Structures are given as C-alpha cells and as structure tokens.
Amino acid sequence: MMLLNATATVSTTATTASTAAGDHPGFLSPSGVEIAFLLVGLATLGAAVITVTTKQLVHAALWLVVALGGLAVEYLLLTAEFIAWVQVLIYVGSVVVLLLFGLMLTRAPIGRSPDADSGNRWVALGVAVAAAAALVWVVVDAFRTTWIDLDGPAQGSTEVTGSFLFRNWVLPFEALSVLLLAALVGAIVLSRKRDTDTTVRPGTNRTAKPRTVNPGPPASPGTPGQEEQS
45 MMLLNATATV
55 STTATTASTA
65 AGDHPGFLSP
75 SGVEIAFLLV
85 GLATLGAAVI
95 TVTTKQLVHA
105 ALWLVVALGG
115 LAVEYLLLTA
125 EFIAWVQVLI
135 YVGSVVVLLL
145 FGLMLTRAPI
155 GRSPDADSGN
165 RWVALGVAVA
175 AAAALVWVVV
185 DAFRTTWIDL
195 DGPAQGSTEV
205 TGSFLFRNWV
215 LPFEALSVLL
225 LAALVGAIVL
235 SRKRDTDTTV
245 RPGTNRTAKP
255 RTVNPGPPAS
265 PGTPGQEEQS
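Taking our numbering, the leading residue of the sequence shown gets 45, the next gets one more, and so forth.
Just so you know, the hints here were simulated from the structure itself, not pulled from any lab data. It cannot be assumed that every hint is accurate.
What the hints assert, rightly or not - Restraint-style ranges between C-beta atoms, simulated for each label pair: (1) PHE81 with PHE126: 15 to 23 Å; (2) TRP191 with PHE126: 20 to 28 Å; (3) ASN212 with ILE134: 14 to 22 Å; (4) VAL180 with MET148: 35 to 43 Å; (5) ALA226 with GLY163: 24 to 32 Å; (6) TRP181 with ASN212: 21 to 29 Å; (7) LEU223 with VAL182: 18 to 26 Å; (8) GLY230 with VAL184: 30 to 38 Å; (9) VAL229 with VAL184: 32 to 40 Å.
All figures in this text were calculated on a predicted structure; none of them were measured in a lab. Note that CB positions come from ideal geometry on N, CA and C, so glycine has one too.
Throw the hints in and build the complete structure from the sequences for me.
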C-alpha cells in the first residue's frame, strides 16, 4: 500500500512538473529573466550616462548605440520581439548612423570638443529627472488596474503588433515616418559642403582683388660672359 502511495505521489509530482514546465516555456526561468532584465537595465543606464557626460562626440554616438541596443534587449526579454527589432532597425540602424554620417561628412571635430559641455548640467539633470518621473507616473497610472493575462495569446508577436499598429495606431506610425524623413533631410543639409568662396566676412569687400607681384627691373641685354669680355 505504501509502495502504491509512493508511486502515485511520484507520478503526480512528475505530472505537476511537466505541467509547470509547459506553462513556462522559454530558455530562462522567471527568476533568470528578472536577473537578466536587471543586469541589462544597469548596463543600459550606464551607457546612457556616459553618452550625456562624455566630450568625445563620436564616443557619445557609439555609447548611444549601446544604450539603444540595451533597450532592444529589454524589449526582447519582455517578449516584445517586434518592438525589439524595430528599436534596432530604426534607432540603431537609421538615426545613429545618420548622426555618425553627419559628424564625419561635415568635418566636425572628432576628438574632445569644448562645445559638447554647455554648462547647464544641473538644469539638464532637473529636466531629465522630471521627464523620467512623468513617464513613470504615466505608465503606473495606465497599468494600475490593467492586468495582463500571461497565459493568454502572445501580445508581443509580429502578427498581433502589426494588427494593432495598422488598425489603431496609423497616425503615430505616419508621424514616425515623418520623423525619420526629417532626420534624413537634416543629415543631408548638414553634410553639404560650404562654399567658402562666396562667404563674405564683415568688414571685407565682396570680391577679392588679385595680388600683383613686382617682377623687378628688366634684365640687361647680353650674357654675363659678354659683359666680362667687354
């Protein structure tokens, strides 16, 4: 009898374990996902801080790539695959690349630039903290009474996201395309080569007079050998 009870207990435990494994598909356990989310979030925050504090313009753009890539990994850990790849394609693959092309094609200073520090760090920090607090309040207030059914259909897949995007969010989608077009036009305008010949400095004439060179007195006829013989 005890053997039968033990066998039933083992079979029940195995069934429960298999059911639990089926309820939580994926390569990471819930605790592993939370730990990975925390570590990636700290790395993303550090990259963002370096982006706004460094005086190397190219280094700032590259650290911005790291920060935006970290956000894409965060979306991927939240099972929002479509948003993660959109983050990589639009921000990392388009906006940051346009910024780098704009820096390199306009002959901007590649090294340390004193213009990168405006001197308003405390004002910028206050604005950043206020914006972060507003975003946190909006997200918490929006999802305070909204519960997401984790056992329901997938909400971050390409099919579901595309359906919501082109049915309910068409106007923001078009606004995003206008934003990308503006970034492209701005990069083209910044990369135009300045015509230094047509620029007029204050206090100078519009046309520069050609410089004349005095050739000196004309050379005397005859060769030096003839002058010595004479």
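message = A range of 24 to 32 Å was offered for this pair. Does it hold for the Cβ distance of ALA226 and GLY163?
response = holds, 28 Å
ask   = Measuring from beta carbon to beta carbon, are ASN212 and ILE134 in 14 to 22 Å?
value = holds, 20 Å
query = Would you say the C-beta atoms of TRP191 and PHE126 sit inside 20 to 28 Å of each other?
reply = holds, 22 Å
request  = Evaluate the given range 21 to 29 Å for the C-beta pair formed by TRP181 and ASN212.
outcome  = This hint holds: roughly 24 Å between Cβ atoms.
key: Distance restraint evaluation - GLY230, VAL184, Cβ atoms, bounds 30 to 38 Å   = Given a distance of about 35 Å, which is inside 30 to 38 Å, the answer is holds.
query = Honestly, do VAL229 and VAL184 meet the 32 to 40 Å range at C-beta?
reply = holds, 37 Å
key: MET148 and VAL180 - C-beta distance against the hinted 35 to 43 Å   = holds, 37 Å
ask   = Are PHE81 and PHE126 spaced within 15 to 23 Å by their CB atoms?
value = Holds - the Cβ-Cβ distance for PHE81 and PHE126, about 18 Å, lies within 15 to 23 Å.
query = Can the suggested window of 18 to 26 Å be confirmed for the beta-carbon pair LEU223 and VAL182?
reply = The hint (18 to 26 Å, Cβ to Cβ) holds, given that LEU223 and VAL182 are roughly 20 Å apart.
The structure is consistent with each of the numbered hints, conforming to all of them.
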